[in-house]
Structure formats: structure tokens, C-alpha cells
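Residue numbers (the working numbering), protein chains in the order written: chain W, 1 to 343; chain Z, 1 to 343.
In case anyone wonders, no lab produced these hints; they're calculated from the structure. We treat Cβ as the ideally placed atom computed from N, Cα and C, and that holds for glycine. Misleading hints may appear alongside valid ones.
Label-pair distances were calculated between CB atoms; the ranges are [to be verified]: (1) Z:A235 / W:R87: 29 to 39 Å; (2) W:T149 / Z:P284: 40 to 50 Å; (3) Z:A101 / W:P25: 21 to 31 Å; (4) W:L330 / Z:L324: 40 to 50 Å; (5) W:Q30 / Z:A101: 24 to 34 Å; (6) Z:L70 / W:L330: 16 to 26 Å; (7) W:E258 / Z:A101: 45 to 55 Å; (8) Z:P135 / W:T9: 18 to 28 Å; (9) Z:L184 / W:E258: 39 to 49 Å.
Protein chains: 2
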Amino acid sequence: MSSIQDVATLANVSAATASRALSRPDMVAQTTRERVLNAAQQLGYQPNMLARSLRQRETRTIGVIVTDILNPFHAMLAKGVQDAADRHGYTAFLFNTDEDAGKERRALDTLRGHLPQGLIVVPTPHTHENLKLVPNLPIVELDRVTGNTGVTTVTVDNIGGARAATAHLIGLGHTRIGMIVGKLDITTAVERHAGFRQMLEESGQTYFPELVLPGQHREKDGREAALRLLSLPPAVRPTALFVGNNEMTVGAVLAARELGLKIPEELSIVGFDDSRWAQTMTPPLTVVAQPAYDLGVLACDHLVTQLGHMQSGRARASPARVQLPTELILRQSTAPPACVPTA
Amino acid sequence: MSSIQDVATLANVSAATASRALSRPDMVAQTTRERVLNAAQQLGYQPNMLARSLRQRETRTIGVIVTDILNPFHAMLAKGVQDAADRHGYTAFLFNTDEDAGKERRALDTLRGHLPQGLIVVPTPHTHENLKLVPNLPIVELDRVTGNTGVTTVTVDNIGGARAATAHLIGLGHTRIGMIVGKLDITTAVERHAGFRQMLEESGQTYFPELVLPGQHREKDGREAALRLLSLPPAVRPTALFVGNNEMTVGAVLAARELGLKIPEELSIVGFDDSRWAQTMTPPLTVVAQPAYDLGVLACDHLVTQLGHMQSGRARASPARVQLPTELILRQSTAPPACVPTA
DNA sequence: TTGAAAGCGCTAACAC
DNA sequence: GTGTTAGCGCTTTCAA
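Working from the sequences, and respecting the hints, build out all of it.
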């Protein structure tokens, strides 16, 4: 690995001049610049970021913490962030926590040692506490929200999405609609539940608490919850299910299959978050789709903007609250209930 | 951010001693050590990796380059690598290239600036060339292979997997078996194709070149290829399809649906690489499953071992050729052909 | 067992 | 326009 000193020597200039020629071309004479550039090229010179960052006290690096990289939604978030970071000349360090407080803490510590200039995080219930490990770090919360004030958040309109899904089911004539909701310590779950309930009540429908079951976001939780709901006596069994995330939706569909319930004839299902899986299963699922890639991009754009403000010494911009709309995609997993109850 | 100097001052020792107390506890008096540890804790001291790496000329960092983080197979590889790296005390930098030579080059340049000690890469056809950007970097090739000698490779037994899939179809009585293969500039595609052909010929079956169509690994390529194969006149149309990767398998299934072909009654399909999607679609797909997570872990383990050898000055270990078995998972997308041709 | 000093590669301040 | 010098935070000689 050749250093800038090597380049300088080869170009017959001092290291300082070589440095300038490479990073501030206009501070250097035309001919000198050319000689340095040549030398650099010839040696395949690549600046040592460790040294540069150490000196400049800025790494042009951001951290990204996601809770489940195997979930296509999160993979898409991460990709959006990384693409955007790249465009802005930043490098993104990606960490995965599996929703685990300890892993998150370790990720933050590792990150801290590398002096990222900002952090984009999909928060868990522990994040609020864990973030004390990285004081003064500009943060953008992505997809979910901790309640931290002074932090930019980039989320989706979960309430609106849930309302749309619920309205759709109501419009089809369902009166006993169940919901499988995530753990209520996560804001997306809370909001989706709220939207569901709101829409039921605004439409003059009854909200049946016993038809709302929480899960831990995993497929098996979705399956178990669905199994319980769908095993209720026919008179009270829900004829439609709104499921709060993509993983649990898989489980709910599997449960319906196990019980031999035909979708959508005997059971309508709406999932939250679209996926390849939702599109290609039989029948294709009606879902509330989220612009995952754009969420990632926006989170990064906002973070970078904020970093720019800080650097140029301007007052810290007030934290943004970005919210993107969802889209209800009608496919074939929803239909009017088999036997419409007498009105 | 407090520095080691702050810790030292607080503990009434020199920076050197503080450093030793933290990284070489046994070189320091018991009581001194305790004072330093206390001070560090009190200040929430976290060593600055940039400075440390610069000084030690070793970053305890590895690069990971994957071609499509949105592909669950690659996400799983990445996760395996990251988990293993973490266990070994290394930090993994993940990059995504979308199979694009330019992105790969940029990723390598960025990586180089951060001085990783090794690289795990899922190679593309350009990788061989691009790797010249990082001379002397220990490399492990993952999933695919460039033909670089002197490089450790961690792959799956693609030939064996393809043979098993083909044997299964032959065993069911299929005599016109088509294959949708990836671009033949990628070793996995070449090997899967070879296994397919081998098994046909060993079984005394005819290998029909016109039933083998290449694709670019994407869903739409799979769909188009399948559309062409399945639109052949009934007499020559394949009754079974072996598809070379997971994305293209999705496309093939969609094509069959578009043409109204029932799976498995009118068309058997075997995919390469399992996925959630393959498990939950109707019918669930018979696939050649790959131990993606383990591949990632092994790649990292081997890389780290190699790094250890280098550091301890031992002769560089000869490059390993790790190959993991695949597993044919029988589900419901394969069945005997509708009308068995007279033998 | 500890401290002083040097230096990893780079760039910014300050000469000239 | 260019060179000299200093120093980012850390670890590692080398002395004491």
C-alpha cells in the first residue's frame, strides 16, 4: 500500500502538496497537479481513510442498525440507505440485531469505536436506553419510533394503512374482523392497531377485543394467533383477518390452510407489507404495501442533510418527521364473507 | 468522546500505562489496573479504532461483497458471515453490487481505503479483474468461483445438487426435461448445467440442447425462458423443468400459471435454492436446498484462520476448497408426467 | 512496573 | 504555490 509520501516523492513534491493536489486541485499549479495525479495513478494510490479520518475528525461514515436483515422489508430499507449513502459520498456500516438488546448494544459499541457521524436505526424497545452509549450522535429513526424527541423519524403512515385495510374489509361486508397485531411495545404495531380500531368505530362497527391477538412478529406467532382465532365457534369466528406484518401473515395463511379454510371464500386476509411471497402465493394476497426502499433513501438523505448543517455550523435543523403513505393493493385474498349476517 | 489520555489523567498514570492496563492487563500492577479500569468505566471510554488501527496496522475488519442483498440466499450468506466475524472479534463491512462491475469496483476502492484484513466475495465475471485493485488481500470466494488459484473457495456441491434434482425427475418417468440455467459465465450455472447433463446421459436419457435456455438469473428471465419452453408444441414440450436459481424459479412458476399449466400434473418443477416462497406457494416446491448460513459462517471461519496464520508468521496455509452438500427437498411440485410416452 | 518519546498516514496552519 | 511543522489517538519501543 503506497502512502501519500510515496506519491509525493515520485512527483517531487512535499506530502502536503500531494495531498492538496488530490483533494483541493485548485490550490495547486496545473503542472504540479498533473505530476501528482500521474504519480498517484501509477502507484495505485488510495488514501488511507483511517489516517484521513483521524486527522480530519470526520469519517464520512454512518451506522445503520436494522433488526432483521433476513426480512425483505429490512433488506430493502438497508439497500435504500446504502444506495443513498453512496450517492452522498458516505459509507454505511450495516448491523443486524435480531431484535436483541445485547446485540444492539454490541453493535453500538463497535460502531462507536469507528466514529460514525450519524446513525440510522430501526429501534427496538431497548433502543432508547442503548442510545445513551452514543451521546451526541445525530440519529434518524427508521420505520419505528422510540419517542425520543429531537430525533428525525422516517416512517410510514401506519394508521392510514391500517384504516385503509380495515375499510376495505368493512366495505366487503365483514362484521367480525380479527387482527393479529405485533407486540405493542413497538410503535408500528400500536399505530396499526389504532388505525384498525378507529376505522371500525368510525364505521359504526363493533371492536371485539377478543378478536385481537398479539404476536412477536414472527411467522410462528402469526400461525398460533390465527389458529386460536380461527378455531373459535363458527358464530363468533372472524371472517376476515388483518395481520400486522409480513412474517405473521405467512403464519396466518398457513394456519388457515391447516384448518382447511378457503381463502378468500371462508376467510379474507389482508397483510401489512408486500412481498414476493404475498404476490405469488395462492391466492395472491391483498396487502398494505410500504415504500421500503424510499424509506431507506429518505432516512439517509435527512441524516446527511443534518450532518451538512452541523458541519457548516448552522443551527441544528429541527428534527423532521417524515411520513410516507402506504398503498392498499387489492389482490385475491379478500372477498365478501360467505354468509352475510342479517343486518 | 474521551480519549485514553483522559482516562490516564483521571487515573493518575501515563497514557502508555492506561493503554496497557486496558489491552495487556498482566503488564500492569493490580492496583494501577483497577484505577485505570475505573476511570475508563467512569468516562465511558471506548477506544478510537481509527487511531488504534493506524498504529497497529491492523483493523480487525473484513470486507464482504455480495451481489444481491435482496435475494434471501445472499442475505443469509451475509448474515452467516457477519455472525461468524463477530464471534471472531472482527467487524464485517457489507457491500452490495447488484452484479454490476462498476459498483463492485467502487466497493473495492472504498473497502481498500478502510484497510480490511481480508475479503469474502461472491464473485461476478468481472471480479477476477477487479480484484487487482486489492493486491495481497486474503480472499475467500463464496458460493461461486473465479478460477483464481491460491484463493480459498466455499461453495456448494452444485453438480451433486443438479444430479439429484435430475435423477428425481427421471425417476418419476420424465423423458423431456428442460432446464433454465443461469448465464454460463457464472460457475454455479455451469456446474448445475453439467450435473443436469451428466445425470441425463448416465441414465441413458437424451440431452436435448433446445430444451436448455439461459437466463440472467432474474425472475423475468426465468419467466421468459419458461414461456418459450412451455409454448413448444405438446409433442416436444418439456414435461418437467429444472430451474437453476431461486429468482428464475419464481418466473417459471408464473409462466406456467399464465399458460394455465397445472403444477405438478402438467408440469413438474424443481428449483435450486429453497426459500420461504418455495415453501408456501401452491403447490409447495420441490427444491435443491443450500445451507446458505453455514456457507457464510465457513467462509468467515476460513478467512479468519488464514489471517491468524499470516499474523503468526506461519507459512500461508494452502487455500482450502470447501464444498457443502445440498439437500433435495421433495414437496409437491413434482409428479410423474401426465401421459407417459410408451417405453 | 511505569513513563517518555516516537510514529502510523494524513491534512491544516503557518510560513515563505 | 509550495514546503515545514504539528498533531489527530493510539500503542510500542526503550529507558529508568
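Results for each hint:
no., hint, verdict
1, Z:A235 / W:R87: 29 to 39 Å, "54 Å, violated"
2, W:T149 / Z:P284: 40 to 50 Å, "48 Å, holds"
3, Z:A101 / W:P25: 21 to 31 Å, "27 Å, holds"
4, W:L330 / Z:L324: 40 to 50 Å, "43 Å, holds"
5, W:Q30 / Z:A101: 24 to 34 Å, "33 Å, holds"
6, Z:L70 / W:L330: 16 to 26 Å, "25 Å, holds"
7, W:E258 / Z:A101: 45 to 55 Å, "47 Å, holds"
8, Z:P135 / W:T9: 18 to 28 Å, "20 Å, holds"
9, Z:L184 / W:E258: 39 to 49 Å, "42 Å, holds"
Consistency with the previously given hints fails for number 1 only.
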